[in-house]
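Chains as they are written, first to last, in the numbering used here: chain A, -10 to 203; chain B, -10 to 203.
Any given hint could turn out to be false.
Each pair may be met inside one copy or between any two copies, as identical chains are not told apart.
Said to hold, decoys possible - Keeping only pairs whose Cα atoms sit at most 35 Å apart, straight-line, the calculated DSBU-like set for lysine-lysine is:
(1) Lys10 with Lys46
(2) Lys46 with Lys31
(3) Lys46 with Lys17
(4) Lys156 with Lys10
Hints listed in this document are in silico derivations from the structure and should not be mistaken for laboratory results.
Protein chains: 2
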Amino acid sequence: MSRVDLTLYLVTDSDLCPPEKMPEVVDKAIRGGVTLVQLREKTASSREFYQRALAIKEVTSDHHVPLIINDRLDIALAVDADGLHIGQEDLPASVARRILGPDKLLGVSASTVEEAVAAARDGADHLGVGALFPTDTKEVDHLVDASTIRRIRQQSGLPLVGIGGIKANNMGVLRGSLADGVAVVSAIMCAYDPESAARQLVEAYRKAGVNDEI
Amino acid sequence: MSRVDLTLYLVTDSDLCPPEKMPEVVDKAIRGGVTLVQLREKTASSREFYQRALAIKEVTSDHHVPLIINDRLDIALAVDADGLHIGQEDLPASVARRILGPDKLLGVSASTVEEAVAAARDGADHLGVGALFPTDTKEVDHLVDASTIRRIRQQSGLPLVGIGGIKANNMGVLRGSLADGVAVVSAIMCAYDPESAARQLVEAYRKAGVNDEI
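Produce the entire structure from the sequences given, and follow the hints as far as they go.
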């Protein structure tokens, strides 16, 4: 059982959406069904990241949706975000958990059972597992399929979202995966209507049969 | 009165020295007279920064010399460094001080009296003031001279180091500045013999007449 609703996890990308538009896009996306927001900034200065996080936090707080900060534990602390998401190139999960304390959310990117089991041991609450498809927004090491996700879910015991190139029209890839939700970047960031895009993604996720036998 | 000896402050640069050689260079530099070390990593992943900080901390701890982390408060916390150094594009000093607590060192880059006074108000212990000369290692907004440093020192009440292109043979620029020390990057990072370079820098600093009347 997850401490948060992972159904539709929005990961931001300021290459796809200018920072000054981001709060509006996030607001609309939440109205459409986004249940969790991760702010990811790969080129911003610390000051910019901090200021953008404050602006997004106003939106997520209004909607009582958790805000997770990507990579930067200091930014998470500085804005009192609900949690941190780290990849395999970020701080070790055990170190992040120690500094965050037990109450904050800690998500970890994993693409193998080994990484997932290590993350569970080191204090992660939930996982982002991918990539499901090749994407432009992040370099992809290797692709995962529904049966891999299912094994990761079962062997780590952690709730997880599938990530990487997921759209409403390819959500069937999660069939049988036992994924607790789906994380998207461009499917919402690049949408003309983020609210409607989010609504379609939730609907597609519900219909994907993630709990079906493989 | 500074909480640390600012006489010769080494700021690292992995563009000038490969990370695997850095601990050895820092060790030699401390033997030559470096009193404070700042680890600055502008392109490393968080994991790399963390690992490099752990490696440098072994060296600084052996010599009982404080280790300061540039920009990344999370890395400073993760390795339990002695402090953090932030610039005007990093986290606000007040936020950094709140998270660091009262016991850690907090240095702030300032190039005007206004920035220096704000840093003092926001919890800085000491300042890096520059640039004294144009450099290749950092983009320079504007240059400061000894009389500006003197005013910053007097009006902020904070101990400070001059930084930016300082070498043993141009240390005279600090004459009358009241600087508590000098920070260098390439003068040590690029030196064939970091120990001897540090020794010459300390000697030049002692002879520069920083407390002379202007």
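Tested hints:
no.	hint	in the structure
1	Lys10 with Lys46	within (14 Å within a copy, 41 Å between copies)
2	Lys46 with Lys31	both (18 Å within a copy, 26 Å between copies)
3	Lys46 with Lys17	within (14 Å within a copy, 46 Å between copies)
4	Lys156 with Lys10	within (22 Å within a copy, 46 Å between copies)
When the structure is compared with the earlier hints, no violation turns up for any of them.
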